[in-house]
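A.B. asks: Note that the protein sequences, when read in sequence, are chains G and D. Throughout the first sequence, residue numbering follows this note's numbering, covering 10 to 122 in sequence. Throughout the second sequence, residue numbering follows this note's numbering, covering 258 to 369 in sequence.
Since the hints were derived computationally from the structure, they do not count as laboratory data. Just so it is clear, the structure is predicted and the values come from calculations on it, not from any experiment. No incorrect hints appear here.
Where chain G lies over chain D, by a calculated footprint (3+ residues, C-beta under 8 Å):
#1 295 to 302
#2 307 to 320
#3 357 to 369
For each residue, glycine too, the CB sits at the ideal point set by N, CA and C.
Spelled out from the first residue to the last, the chains are:
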Amino acid sequence: GQQVMQIPQYQHVQEGEDFTTYCNSSTTLSNIQWYKQRPGGHPVFLIQLVKSGEVKKQKRLTFQFGEAKKNSSLHITATQTTDVGTYFCAGRGTTDSWGKLQFGAGTQVVVTP
Amino acid sequence: DGGITQSPKYLFRKEGQNVTLSCEQNLNHDAMYWYRQDPGQGLRLIYYSQIVNDFQKGDIAEGYSVSREKKESFPLTVTSAQKNPTAFYLCASTRRVGQPQHFGDGTRLSIL
Numbered sequence: 010g011q012q013v014m015q016i017p018q019y020q021h022v023q024e025g026e027d028f029t030t031y032c033n034s035s036t037t038l039s040n041i042q043w044y045k046q047r048p049g050g051h052p053v054f055l056i057q058l059v060k061s062g063e064v065k066k067q068k069r070l071t072f073q074f075g076e077a078k079k080n081s082s083l084h085i086t087a088t089q090t091t092d093v094g095t096y097f098c099a100g101r102g103t104t105d106s107w108g109k110l111q112f113g114a115g116t117q118v119v120v121t122p
Numbered sequence: 258d259g260g261i262t263q264s265p266k267y268l269f270r271k272e273g274q275n276v277t278l279s280c281e282q283n284l285n286h287d288a289m290y291w292y293r294q295d296p297g298q299g300l301r302l303i304y305y306s307q308i309v310n311d312f313q314k315g316d317i318a319e320g321y322s323v324s325r326e327k328k329e330s331f332p333l334t335v336t337s338a339q340k341n342p343t344a345f346y347l348c349a350s351t352r353r354v355g356q357p358q359h360f361g362d363g364t365r366l367s368i369l
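Bound conformation, chain G alone:
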């Protein structure tokens, strides 16, 4: 079945630095969504990418969907302490049932002031 892998599992970042987290699927995806979960909280939707090669920006966050629609990335510039949390990608395979969104294990981000 479809698997969604995220790397790295942990990311320690100095405040002000940039970093990127990657999401890779074993199969072609219909779309990919990104969520952020603060410590002790619940996942909150950030963005959805649908088109091959799509790039979307939200302030300091840049999301990209690969040309083959099998991978995605989230790049954060000038990291702030408010960026602390776990970032999940989630995708639905082109042959999956409508309800089956596969989540990656997440990248846990720790920011050092």
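Assemble chain D onto chain G, guided by the hints.
C.D. replies: Same frame as chain G, now just chain D:
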């Protein structure tokens, strides 16, 4: 404000006991989902439902049961057959297929 309410926030289960986690939404969403989250892991789908009186098994449905008698409610029962129930349980809903998922605050279930 519209949202998803999960209760209780913390729940303890005794051996051999069934427990039910509540999930209510007033977003008028058609689809609802239950996920299990274990430390250091992503969310794994337990059950999902598109309409009232209809639901499908997710990837880890064994030891769990659900009902969808009302559009706004999707309770999850963790049965005694689930041998490792300690986890964080999240309920979510979407307006339609492919839409972003809205999550409740979750229920932490532990074994006594």
